[in-house]
Amino acid sequence: MVDSTAFDVSARIGSLVLPFPTVGLSGCYGSGAEFAPYVDLSRLGAVVLKSVTRRPRMGNPTPRIVHTPAGMLNAIGLQNPGIEWYLQHDVAKFAQTPCATIGSVAGFSVDDYAYVCERLAARSEIAAIELNISCPNVAHEGETFACDPDLTARVVRAARATTEKPLIAKLSPNVSDIATIARAAVDAGTDALAVVNTVRGMAIDIHQRKPRLGNVTGGLSGAAIRPIALLAVYEVARAVSVPIIGQGGIETASDALEFLLAGASAVGIGTANFADPRAPITILDGILAYMAQQNVRTLRDIVGAANTGFANSNQIEGDEG
Amino acid sequence: MVDSTAFDVSARIGSLVLPFPTVGLSGCYGSGAEFAPYVDLSRLGAVVLKSVTRRPRMGNPTPRIVHTPAGMLNAIGLQNPGIEWYLQHDVAKFAQTPCATIGSVAGFSVDDYAYVCERLAARSEIAAIELNISCPNVAHEGETFACDPDLTARVVRAARATTEKPLIAKLSPNVSDIATIARAAVDAGTDALAVVNTVRGMAIDIHQRKPRLGNVTGGLSGAAIRPIALLAVYEVARAVSVPIIGQGGIETASDALEFLLAGASAVGIGTANFADPRAPITILDGILAYMAQQNVRTLRDIVGAANTGFANSNQIEGDEG
Amino acid sequence: MTIASPPSAVVPTRILDRTEVARDVILLGVEAPELVRKVRPGHFAMALLPGGQAAGVALGIYEARGERCSLLFFLAGDRTRRLGALRVGETLNLVAPLGNAFDCGGTARDIAIVAGGVGIASVLLPAQALIARGARVRLFYGARTAERLVEAERFATEGCELQLATDDGSRGHRGVVTELLARQSAPEAILACGPTPMLRAVSAYAQERNIPAQLSLEEAFGCGVGGCWGCVVPILRSSAQAPSFPPSDADGSDVVHARVCVEGPVFWAHELRW
Amino acid sequence: MTIASPPSAVVPTRILDRTEVARDVILLGVEAPELVRKVRPGHFAMALLPGGQAAGVALGIYEARGERCSLLFFLAGDRTRRLGALRVGETLNLVAPLGNAFDCGGTARDIAIVAGGVGIASVLLPAQALIARGARVRLFYGARTAERLVEAERFATEGCELQLATDDGSRGHRGVVTELLARQSAPEAILACGPTPMLRAVSAYAQERNIPAQLSLEEAFGCGVGGCWGCVVPILRSSAQAPSFPPSDADGSDVVHARVCVEGPVFWAHELRW
Ligand SMILES: Cc1cc2nc3c(=O)[nH]c(=O)nc-3n(C[C@H](O)[C@H](O)[C@H](O)COP(=O)(O)OP(=O)(O)OC[C@H]3O[C@@H](n4cnc5c(N)ncnc54)[C@H](O)[C@@H]3O)c2cc1C
Ligand SMILES: Cc1cc2nc3c(=O)[nH]c(=O)nc-3n(C[C@H](O)[C@H](O)[C@H](O)COP(=O)(O)OP(=O)(O)OC[C@H]3O[C@@H](n4cnc5c(N)ncnc54)[C@H](O)[C@@H]3O)c2cc1C
Ligand SMILES: Cc1cc2nc3c(=O)[nH]c(=O)nc-3n(C[C@H](O)[C@H](O)[C@H](O)COP(=O)(O)O)c2cc1C
Ligand SMILES: Cc1cc2nc3c(=O)[nH]c(=O)nc-3n(C[C@H](O)[C@H](O)[C@H](O)COP(=O)(O)O)c2cc1C
Ligand code: FES
Ligand code: FES
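If you're matching them up, the sequences are chains A, B, C and D in order. Take the working numbering: the final residue in the first sequence is number 711, and no numbers are missing along the way. Take the working numbering: the final residue in the second sequence is number 711, and no numbers are missing along the way. Take the working numbering: the final residue in the third sequence is number 277, and no numbers are missing along the way. Take the working numbering: the final residue in the fourth sequence is number 277, and no numbers are missing along the way.
You may find that some hints are simply not true.
Covered by chain A, per the in silico footprint, the following chain C stretches (three or more residues, Cβ under 8 Å) [said to hold, decoys possible]:
hint: 1; stretch: 53 to 60
hint: 2; stretch: 87 to 94
hint: 3; stretch: 218 to 228
The set of hints was computed from the structure by calculation and includes no laboratory data. Every residue, glycine too, gets a C-beta built ideally from N, C-alpha and C.
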């Protein structure tokens, strides 16, 4: 193992400085405590908490999880106790977490986001707020906030008005042009971007002839989506200059480095914890080993190093075939 | 093996009846002849030929292929001899192919599509025309035709005006709402839909610190994208009633049946041929075995059988987390 | 179920033996002396796949004695197939022990264990514990076919009375195992593990007769350690296993979604609301 | 390269032997009598992965004698690792033989074979064929370290004169193998297989001296059978290997993209335009 003190692997997310670039992801990592038996949480940059909503939610019926080639589908349905209970019973415990805890806010209207964000950001246990905008806007035929630049901007602006704490808008890959959404979020005042959430998908049980998830559709995560997520980071990094937390299928240090080289300042680890709960530490150690081998002292120096433009004019002629 | 004569596995694509529901996919299957040593092509429903454009194209620099978890990225760049050469040197050979040959047309303007479609559709060797609309529109800031309902409709309408042969519009998964695009294509006169093309993605070489594909970005195919493609078929089947050729990561009979149950009338097999060139036959035999076991005599009877609506009201509350 | 899991860890184990006890059913013995000391009847492990790229697989701990634990599993899909390809001498990482355990104490002397399919893997340790404390244990065990009634003899050797059922009648009663249960004298207590329809039937049987029944549930898992809420089951909010659960969103409902991997996998039948 | 591949097929083979000839380098012997009869020096196989979900792996056919063919490969990534996990007695499906072959006929009596890294796997059969017709064969063989100079002795046993080079000087010349080639008497003909930079250097050396050189190229493959155009290399349009190629899009250019898997993998150095 490499002597980590010789290397600067810190990442800045607005005014928040993470000592390590590795982040446990929302919905995958509980409050961090669930993984404490397996990893030294003080060697994580942060934990993003499960998304919380205005009202309590029981979430979706089971099955909520289906395993797929090199990935999985989930449809948890944002089970959470609602912001009131959360503030009263849960948040105080996060003071014990040996790394930064980032709150995650979900909602079904712009007002939802502003309300929950304001209440949560007021708490000192919460270092920053992530906006999970992959939710449908009930006032807008259920259109997903993150799939529309204007809806994205409205959520970010409303949240921005409630707090000075670092804001992270979490983008969806289910769009044709993620750069436009990223620009809208940045113009509306987000400090950073999480890129990306899960890709929509489903699976069918051919014997029962029905969808395998209780909720029919779900979000695909894991190694299967890594190339998709990596391109999203690459494109967002070209469009805006705020820090990016790259995520989607990161399992190894090599995967994490692909995201950093594409332009992410930090990396999120979700599904990989299910394959091995030691993943965040293995990844950190691997990043340090790479830095030692490549003689890189400061991780920031290689952020975006592989993002030097499109290779040739054929780019405009499409990707497929 | 099951006695196939006892089962009706035919699929209708406009006026074209395919005796088998399995199709070799564009760009993956050459002209079919490349796979003749390994499979009895007369047991395929059709082969979709490599996309052809107005002018010859050398395609992208190598590497054009990168293998990823349970999938691969490709960026061939539509290498093809151009429609003139193609008509003079290649098309006549397709008369020998022991299954239907479906032409594939790509272009960079509405006029391109109309021109190539008209010339190709005039040939008797070509049973139907697929429109590969996952190409950028050079007159429109490079926006991908298949990512915009209006551009999609314009290509389909222009192609429709040139031929009575069955038209298949091939949709892209890189959109927020594929149902809207499907409706636009159907309203503009397509007879069928191919759902879906590859998902945009990339990979980075961390040692060379540069993108691994010569073209930087590419299209992700294979089992990794199967849940994404399956949902696309499910949503399109709810939105329109033309036949769908489901595709994206189909490797086994079970996978194919998921797509049929979701609402596809036929299934396309692309990348799976690279894992085993016998795949189309193994899949057909597996479908027949399932029909025998489930006592289904006519494959059409189970098309869409798992597509019976969203399970519960939580659907409107999003897929992720 | 009052017995909480001792702190779990990632345990690197060496594979000692591998037997295909029936077609597509693998028994894997691993060297794990520390784990043997910690494990209680009903605990499970997340078996991590060599090479990653897929979530670990939840497996009951079948045997635990001396230096050796074992896992008994069916080749159901990709991940169990990858586990099944492991060879003697290779390393298998287990996150274990996990979950709450069966309560095998108490004074009941006539106990029915009901197992269906892969559920058999989670009931050997409780059977041993109950027999060790002098209880009579009848094993009601159902499977699709005789070939699938794996390890039945093993349970007989341990001192269980066997009551077998198969769907096709190829061995024992033709039909479901709960029919067999209903036909015999009622036990004082029930422990059960198996597919959900079987557990529902056991639950109905037990509640009609007021017999305390502990059910070990199966759900599709994500993390297996409480971090993802993928594995829930509806239970009574006021139950012992949901001590500090928030109110649910359904007005006036006292049902909450508890995690099978943490609050379970063992639940009291009368507290479930499924 | 005038020698076209005889019809290929999916050949189910049984693994006869498996040796780790160096760290992360596997030699896999398979039973494939029909394939032995068909294969010519320079042919390759697509090795299909058990379990699928990934494209087959292009591998040169290393040995072919009697009932046995062999494959020699480096554990480079996921797919070669999956092949490397195969055991004796298991089945491996090969799509083979594929590609065109080296032309080992002619009258040249002093021939240099240049191999780098995994390229060694494709040059044993040509070496044997050339020696069998009485030619002197010098093997110029380069690798990163001595440990990676796998099978060098085997080539000596077959009658090749060894000229070795390693990047770190741990065995033979310190430096690249083409330096070694340039220092010695010029051969009458060259056969080469290895990484692209090596092949470019060989090509330059050969063309300066007007020595006919056949290069076996490596590219990332999709299908391996000509169906996907993933594996191309720019060559002269008028060359024998692009007999009916269309005009290219670049005005006036006489360069076309030919498929390494069908038009190659063996190309004449002077016809490449890379
Ligand atoms: C607490 C607990 C303990 C357990 N203990 C054991 C044990 O001791 N032994 C044991 O064998 N199992 C046990 N299980 C079950 C085991 O965890 C699962 O069977 C395992 O996750 C299967 O993983 P897989 O990837 O091999 O199969 P998966 O791919 O996850 O498939 C699981 C099920 O889905 C079905 N399936 C897969 N693909 C499809 C498809 N396309 N369409 C329709 N159906 C499909 C399969 O047939 C199978 O029944 C336990 C589960 C839990 C929660
Ligand atoms: C005609 C022909 C014959 C061949 N014959 C042989 C042979 O006989 N023996 C042999 O060993 N090989 C041979 N090869 C090469 C062999 O086909 C490839 O090495 C093989 O495809 C590797 O597959 P893989 O999935 O194991 O590795 P891949 O995952 O495809 O990786 C291949 C290369 O990419 C690199 N790579 C992988 N992931 C990353 C990443 N994230 N970032 C940067 N780089 C990465 C790897 O280090 C490796 O060098 C031949 C190739 C051809 C075309
Ligand atoms: C190497 C390669 C080349 C392709 N070329 C084309 C093409 O020219 N035209 C087209 O419409 N689709 C093309 N595709 C997309 C496929 O036809 C298919 O829609 C996609 O790969 C999803 O199916 P699969 O996962 O079974 O491969 C190509 C795909 C691959 C892998
Ligand atoms: C079981 C599960 C639950 C999730 N819940 C949430 C959530 O509540 N809020 C959120 O923003 N993202 C949620 N996500 C998305 C992840 O945070 C992450 O963005 C995504 O899974 C991609 O990363 P990965 O491939 O490393 O998992 C969830 C993902 C999974 C697998
Ligand atoms: S499986 Fe993740 S909480 Fe139970
Ligand atoms: S690899 Fe497909 S054409 Fe060569």
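Violating hint indices (sorted, rising):
The structure breaks only hint 2.
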